[in-house]
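J.: Take a look at the letters that make up each chain.
Protein chains: 2
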Amino acid sequence: MSDHVVALCGGVGGAKLAHGLTLALPPDALSLIVNTGDDFRHLGLHISPDLDSVMYALAGLADPVRGWGRREETWTFMQALKGLGGDTWFQLGDGDLATHVERTRRLAQGDSLSAVTAELCRALGIAVRVLPMSDDAVRTRVLSGDGWLDFQEYFVHRQCQPAVRDFAFAGADTARAQPEALAALHRDDLRAIVICPSNPFVSVDPILAVAGLRAAIRASGAPVIAVTPIIGGKAIKGPAAKMLAELGLEVSGAAVARHYADLIQGFVIDALDPLPEPLRGVTFFRAATLMRTTEDRVRLAYATLQAADTLRGTRA
Amino acid sequence: MSDHVVALCGGVGGAKLAHGLTLALPPDALSLIVNTGDDFRHLGLHISPDLDSVMYALAGLADPVRGWGRREETWTFMQALKGLGGDTWFQLGDGDLATHVERTRRLAQGDSLSAVTAELCRALGIAVRVLPMSDDAVRTRVLSGDGWLDFQEYFVHRQCQPAVRDFAFAGADTARAQPEALAALHRDDLRAIVICPSNPFVSVDPILAVAGLRAAIRASGAPVIAVTPIIGGKAIKGPAAKMLAELGLEVSGAAVARHYADLIQGFVIDALDPLPEPLRGVTFFRAATLMRTTEDRVRLAYATLQAADTLRGTRA
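Quick mapping for you: the protein sequence lines, in order, are chains H and G. Mapping to the numbering used here: the first sequence position 116 is 133, numbers consecutive. Mapping to the numbering used here: the second sequence position 39 is 56, numbers consecutive.
Where hints are given, some of them may not hold.
[Said to hold, decoys possible] Result set (SDA-like, lysine to any residue): computed pairs, CA atoms no more than 25 Å apart in a straight line:
| no. | chain 1 | residue 1 | chain 2 | residue 2 |
| --- | --- | --- | --- | --- |
| 1 | H | K99 | G | E89 |
| 2 | H | K254 | H | R175 |
| 3 | G | K254 | G | G162 |
| 4 | H | K99 | G | G86 |
| 5 | G | K99 | H | G127 |
| 6 | G | K254 | G | V173 |
| 7 | G | K259 | G | E294 |
| 8 | H | K99 | G | L124 |
| 9 | H | K99 | G | A140 |
| 10 | H | K99 | G | G142 |
| 11 | G | K99 | H | R88 |
| 12 | H | K251 | H | P291 |
Hints are computed from structural coordinates only; laboratory data are not their basis. Computed from a prediction, not measured in an experiment: that's the story for all the values here.
Using the sequences and the hints, build the whole thing.
T.: Here it is, written out as structure tokens:
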């Protein structure tokens with residue numbers, strides 16, 4: 018039976034659909050490939066924002082109000098660090114710190130990011146495979162009017178204010194695709210490859226920039242389907258809409274579909290958005306893509322998988 | 018005018034008198050030389066328990082109830098770390114973590130422990146010089162019935178349960194004395210060298226094991242005076258009394274005075290303890306040595322300095 022699903026995702030937005038997929042599928046039927054282009058060292062700690070967002074979402078630890086980080090978080094560390102004259106532009110919750118300290122410790126003793134992630138997931142009771150796109154460093158950079166900026170400098174420190182012109186993924190050309198991610202994409206029984214509603218430019222493109230992964234997706238016989246991160250001309254979270262506008266593109270799901278056009282066969286737009294102009298090789302589907310509740314996540318997961326199933330056999 | 022005081026101290030107990038001395042003297046009249054034999058790496062962080070205790074005491078940040086760590090502390094990090102399967106035998110408060118993370122970060126960028134300590138003190142508004150005994154690693158080890166144990170293994174993990182037989186200070190023979198500490202001990206205008214009521218075996222002896230420091234103390238013309246960490250046959254805090262008993266020594270201030278006999282000219286016992294048998298070359302003084310309040314700390318500081326002043330000129 019053709020039954021494995023691979024999902025590509027970034028942080029918070031994508032993690033919601035990833036969570037829905039974990040509820041819609043048995044654990045061994047899903048592999049999540051997660052963006053690590055946002056990873057950076059800060060205060061001597063290795064921080065993997067998207068891996069953390071995915072882990073927290075899957076473990077039920079994500080803060081539902083703030084939209085990032087852990088629930089029941091405290092901030093004593095940040096206050097004390099401020100008192101010591103430390104760098105406080107990147108908010109680190111006390112519970113969240115445990116993830117960074119533990120990850121950094123294990124990486125320093127020679128474990129791979131994949132191995133560390135697997136250990137953390139096991140401890141948190143996450144059964145599905147959560148795979149960093151690569152164990153090698155890939156670093157997203159943003160070209161703005163002020164020149165090239167490191168991602169977190171742009172995203173957190175400058176709060177996405179500089180207008181973007183281009184993106185680069187330093188290290189992506191030589192980064193080796195994470196082996197299990199590659200193996201999952203090469204499976205004969207692959208049911209679908211889902212691109213979660215993450216930011217196309219800074220969450221999904223870094224994954225696709227890892228040469229082995231893009232090639233494996235292209236070579237796969239399974240349908241590739243993306244879910245819109247744009248609803249009614251707006252991004253639910255993050256700078257996707259702002260970036261589309263700054264790049265001179267339409268702020269719509271259709272524009273995101275065109276961005277992925279050489280890779281996807283299906284695209285899920287929001288049920289309330291108008292059906293886009295036809296796009297060669299891409300079938301549009303409509304679904305309720307706003308995920309406020311766990312039920313919304315599961316419903317969108319089923320809708321996406323159903324859509325993908327209708328595309329089966331459309332690939333060469 | 019002969020006006021500089023050097024105080025040697027370890028953690029919590031010694032830090033209380035150190036705090037009293039900072040209130041009894043102008044900031045530039047006092048140098049604190051602090052034990053770093055307890056320092057260790059844990060979770061990838063450089064932890065300096067005695068430097069931290071001293072800094073927190075001087076900055077008014079010490080927790081008065083728990084007796085260690087910071088006041089208004091939270092413990093979210095430890096709870097989260099437990100959930101991740103991390104090492105939780107060493108309690109790290111969320112605010113305390115900021116010190117360890119910031120120190121580790123600065124050491125990793127090549128700053129010395131002295132420089133980092135000076136920066137942290139400056140940020141915390143501590144005007145007096147807080148000097149690690151050495152910028153080189155000295156590691157206290159404890160010989161027990163179970164063999165040699167690293168200090169924190171003995172002190173925290175095994176909660177001082179193994180009976181002690183001997184102590185070693187790995188690295189002390191090659192460690193260079195901290196230069197400002199050495200310079201302070203070499204001052205012509207040195208008024209007194211105070212050994213704070215810290216554990217003689219694991220807080221003060223590591224400082225004295227740094228060859229340059231012991232030699233400078235011996236060579237100094239200033240009176241050396243120690244304050245008892247034992248009151249009424251008990252240690253106020255920590256394993257000093259237990260250690261004296263396990264080493265077959267009397268559990269008394271007098272026994273601590275004998276331990277320091279080759280180095281001191283004065284020893285302050287508690288006002289409620291009987292005056293010890295005479296000890297050649299050592300004058301005993303009595304004072305209220307229990308420090309419950311800030312006023313107690315200041316009073317004991319003045320009493321110790323006054324006692325030292327009466328010893329002036331008793332040295333060759």
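J.: Run every hint past the structure and note whether it holds.
T.: Hints, verified against the model:
1. K99(H) / E89(G): holds, 15 Å
2. K254(H) / R175(H): Holds: K254(H) and R175(H) sit about 16 Å apart, inside 25 Å.
3. K254(G) / G162(G): holds, 23 Å
4. K99(H) / G86(G): holds, 17 Å
5. K99(G) / G127(H): Between K99(G) and G127(H) the Cα gap is close to 22 Å, so the pair holds against 25 Å.
6. K254(G) / V173(G): Between K254(G) and V173(G) the Cα gap is close to 14 Å, so the pair holds against 25 Å.
7. K259(G) / E294(G): Satisfied, since the Cα-Cα distance of roughly 22 Å is no more than 25 Å.
8. K99(H) / L124(G): Status holds; Cα separation ~18 Å.
9. K99(H) / A140(G): holds, 9 Å
10. K99(H) / G142(G): OK: K99(H) and G142(G) at ~13 Å, within 25 Å.
11. K99(G) / R88(H): holds, 16 Å
12. K251(H) / P291(H): holds, 14 Å
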